[in-house]
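Protein chains: 2
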Amino acid sequence: MSHRIWARYAVRTSQEPQRAAEVIAGEQSTGTFTPIPGETDELRERHAARVEAVRPAAGGWHELEISWPLANLGPSLPNLLATVAGNLWEVKQFSGLKLLDLKLPPAFLDKYRGPQFGVAGTLRLCGLSAGPVIGTILKPSVGMNPGETAALVRQLAEGGIDFIKDDELQSDGPHCPFEARLDAVMRVLRDHAQRTGKLVMYAANITGEIDEMLRRHHQVVRAGGTCVMVSIHSVGLPAFTALRRESSLVIHGHRNGWGLLGRSSDIAVSFIAWQKLWRLAGVDHLHCNGIANKFWESDESAVASARECLKPMFDVAGKGCEIMPVFSSGQTARQAPPTYAALGSADLLFAAGGGIMAHPGGAAAGVLSLRQAWEAAVQGIPLEKYAATHAELRSALERFP
Amino acid sequence: MSHRIWARYAVRTSQEPQRAAEVIAGEQSTGTFTPIPGETDELRERHAARVEAVRPAAGGWHELEISWPLANLGPSLPNLLATVAGNLWEVKQFSGLKLLDLKLPPAFLDKYRGPQFGVAGTLRLCGLSAGPVIGTILKPSVGMNPGETAALVRQLAEGGIDFIKDDELQSDGPHCPFEARLDAVMRVLRDHAQRTGKLVMYAANITGEIDEMLRRHHQVVRAGGTCVMVSIHSVGLPAFTALRRESSLVIHGHRNGWGLLGRSSDIAVSFIAWQKLWRLAGVDHLHCNGIANKFWESDESAVASARECLKPMFDVAGKGCEIMPVFSSGQTARQAPPTYAALGSADLLFAAGGGIMAHPGGAAAGVLSLRQAWEAAVQGIPLEKYAATHAELRSALERFP
Chain G
1 MSHRIWARYA VRTSQEPQRA AEVIAGEQST GTFTPIPGET DELRERHAAR
51 VEAVRPAAGG WHELEISWPL ANLGPSLPNL LATVAGNLWE VKQFSGLKLL
101 DLKLPPAFLD KYRGPQFGVA GTLRLCGLSA GPVIGTILKP SVGMNPGETA
151 ALVRQLAEGG IDFIKDDELQ SDGPHCPFEA RLDAVMRVLR DHAQRTGKLV
201 MYAANITGEI DEMLRRHHQV VRAGGTCVMV SIHSVGLPAF TALRRESSLV
251 IHGHRNGWGL LGRSSDIAVS FIAWQKLWRL AGVDHLHCNG IANKFWESDE
301 SAVASARECL KPMFDVAGKG CEIMPVFSSG QTARQAPPTY AALGSADLLF
351 AAGGGIMAHP GGAAAGVLSL RQAWEAAVQG IPLEKYAATH AELRSALERF
401 P
Chain L
402 MSHRIWARYA VRTSQEPQRA AEVIAGEQST GTFTPIPGET DELRERHAAR
452 VEAVRPAAGG WHELEISWPL ANLGPSLPNL LATVAGNLWE VKQFSGLKLL
502 DLKLPPAFLD KYRGPQFGVA GTLRLCGLSA GPVIGTILKP SVGMNPGETA
552 ALVRQLAEGG IDFIKDDELQ SDGPHCPFEA RLDAVMRVLR DHAQRTGKLV
602 MYAANITGEI DEMLRRHHQV VRAGGTCVMV SIHSVGLPAF TALRRESSLV
652 IHGHRNGWGL LGRSSDIAVS FIAWQKLWRL AGVDHLHCNG IANKFWESDE
702 SAVASARECL KPMFDVAGKG CEIMPVFSSG QTARQAPPTY AALGSADLLF
752 AAGGGIMAHP GGAAAGVLSL RQAWEAAVQG IPLEKYAATH AELRSALERF
802 P
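Sequence lines, in order, name chains G and L. At position 61 of the first sequence the residue is numbered 61 (this note's numbering), and the sequence of numbers has no breaks. At position 42 of the second sequence the residue is numbered 443 (this note's numbering), and the sequence of numbers has no breaks.
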């Protein structure tokens, strides 16, 4: 198995399931829609994809496991996509098809670098001995100029925040150019670090063309920053890999666009499979949505994604590519206890936008309310009880009922 | 309007449609889930997305038109994705959401190069005065070594084919490394050109990391080739743009993976919108599926995509970014007349794999049968009638009933 690529699918089809599995295996390796002379038995033996398992699943679906010889494509993520995904979603025989999981041979580790910082590196750079990292998103998403952005960052830094990120809508628009924003924000954060000893991690959204991303990464390094943010689906794996090769910073992976890939009830990919590609490519943080989020996703699904981020994806010591899951989307102090309970860990980045900025006491009180909520969660004290002696948490619970 | 980005959506929602449109406009510009201090009226005035139209559509859906000031993001394709798509598919209020179309301000033309060859350049390089370009996909998709691949290419070239492409599953696997395959194939094609004056266009699948793609592109140039193939969804826009900037060859865009984006009945993007991004980035050919294809897509949808490829996407003379649509997937001589009738043009690449290789008379007869079918189609002669005096077409019609 260690030289084979392995994928698990759920399919819905009126075909006999074993036959359906063979259609996938054929379409994605040696076959086409009609027998042709070159497809010899010997060639099939060496290169055909193999149906490893077929079993019934709930709701009339079936689960299939299929494997490919690595020799068909080599350890290449872009070409892996054409093999395990590619035209599969086009196949008429399937009224539903989901890629559920992937297992890759360790040969991929010779080519891709995996995360450079992950959980431990992020905590260290944030000056924390344990999670969670408390973070926020700069809002309004668009419209603030560099000076207004920096003023907001000052407020948040003084509020004691660990992590601040640009919105995914804010990268290098003419109204808030990347370089001017970076300069203004990092001046504030360096000053703050000088005074307090704490350098807030700023995930500067460098999403753009490759030359732009590399230039901006180097600008962040020169400005004394510790993190860059990339919208992974806007950028694609090869551009991401090119960035990772040059990067000396934490890479915060934003998954906007994910719904298009993962939400459909019939044609979809599971984030359990998808996140492995990005971890191998070298992301350090990945957005996993949050509990009671403002979006469509169920709590179970968000938590399963986050747990997966913390699990090794290769059985190779020190090379499991574990990363830090990011909880966000409509998060407030309310979600700390259920998040801690579901994840079984505080190794996460807990990001709130409105949940901090809309706190009646302002940003500092908003940050404090989240820390208090996590203290309560980790100590197993009910929020309402902890709020009795912690005013900021109390206001947060009133503001976000 | 010329400084605004414009998008059209179909949505299914239990909300009041005008309100739903405002949710999109808010989420994708200045808003978040709760009012926050910085979102002033003045900021909203300058930067908020605008609801341009709301109207009922069939099946309980509504169509929405929304526009954004270019100043929010600048002419950046990766950041455009975060704006017009991004988190939109996550919004709970929509049980269905499709991005139907896009209109971009011409400022994007200052940054992106568009297609370098398009229809006219492709026809010229293939030595044709008119379309269609008759093409094929090397099959079996995987398993042939470079020598076996070249032997098949010789057969096809001698059969009079215009265009040969690698399968999307074949890029640089250990069993058929890119460089050895390119050398073997181009030796055959150069010899053939020397003898006949016709250089077959070979779309060498360079899909991979950026450095690999650039290196392979340059190898194709040195080998005297005229075309490279890229799996666009494996590669992403920024890597594609980096390639286009360096490219002196026709870029054949393979859309494998498209089903994941376009097939779902509820969460999807239309190829009408999607292909514009890739044309602007500089693809010369794009796969559009084919009539009576082996996949799920309807003929109407495939034809609409192909017609769109031939239509200007900017009202700027000479910069419409028109490209050559590729018809493929289970194509045989049978599909020539309905394809010509539906497209209203022969400016296309007509690619058949099994439809050529499985012809009873071999590859040469397979190619000839397709040319004959297109002669009949363009002249308005029924296939069966034309077959009476054209043996290869006759065998093809018997083989593919």
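FYI, nobody ran anything at the bench for these hints, they're computed from the structure. Ideal Cβ placement from N, Cα and C applies to all residues, glycine included. One or more of the hints may lead you astray.
Now the in silico label distances, taken between C-beta atoms and shown as ranges [as the list claims (entries may be wrong)]:
#, chain 1, residue 1, chain 2, residue 2, range
1, G, Ala107, L, Ala508, 24 to 30 Å
2, L, Asp612, G, His3, 23 to 29 Å
3, G, Val316, L, Pro457, 55 to 61 Å
4, L, Glu701, G, Pro360, 30 to 36 Å
5, L, Gln419, G, Arg124, 27 to 33 Å
6, G, Arg55, L, Arg514, 46 to 52 Å
7, G, Val316, L, Gln517, 49 to 55 Å
8, G, Arg195, L, Ala508, 39 to 45 Å
Indicate whether the distance between the beta carbons of Glu701(L) and Pro360(G) respects the range 30 to 36 Å. violated, 55 Å
Is 49 to 55 Å right for how far apart the beta carbons of Val316(G) and Gln517(L) are? violated, 44 Å
Please test the hint of 46 to 52 Å on the beta carbon pair from Arg55(G) and Arg514(L). Given a distance of about 50 Å, which is inside 46 to 52 Å, the answer is holds.
For Ala107(G) and Ala508(L), compare the CB-CB distance with the range 24 to 30 Å and indicate the outcome. Given about 44 Å between the Cβ atoms, the range is violated.
State, for the Cβ atoms of Asp612(L) and His3(G), whether the hinted interval 23 to 29 Å holds or is violated. holds, 25 Å
Do the Cβ positions of Val316(G) and Pro457(L) conform to the proposed distance bound of 55 to 61 Å? holds, 56 Å
Assuming the hint says 27 to 33 Å, is it satisfied by the Cβ distance from Gln419(L) to Arg124(G) or not? The hinted range 27 to 33 Å is violated for Gln419(L) and Arg124(G), with Cβ atoms some 49 Å apart.
Holds or violated: the 39 to 45 Å window for the beta-carbon distance between Arg195(G) and Ala508(L)? Since Arg195(G) and Ala508(L) have Cβ atoms about 42 Å apart, the given range 39 to 45 Å holds.
Hint compliance for this structure: hints 1, 4, 5 and 7 are broken, all remaining hints hold.
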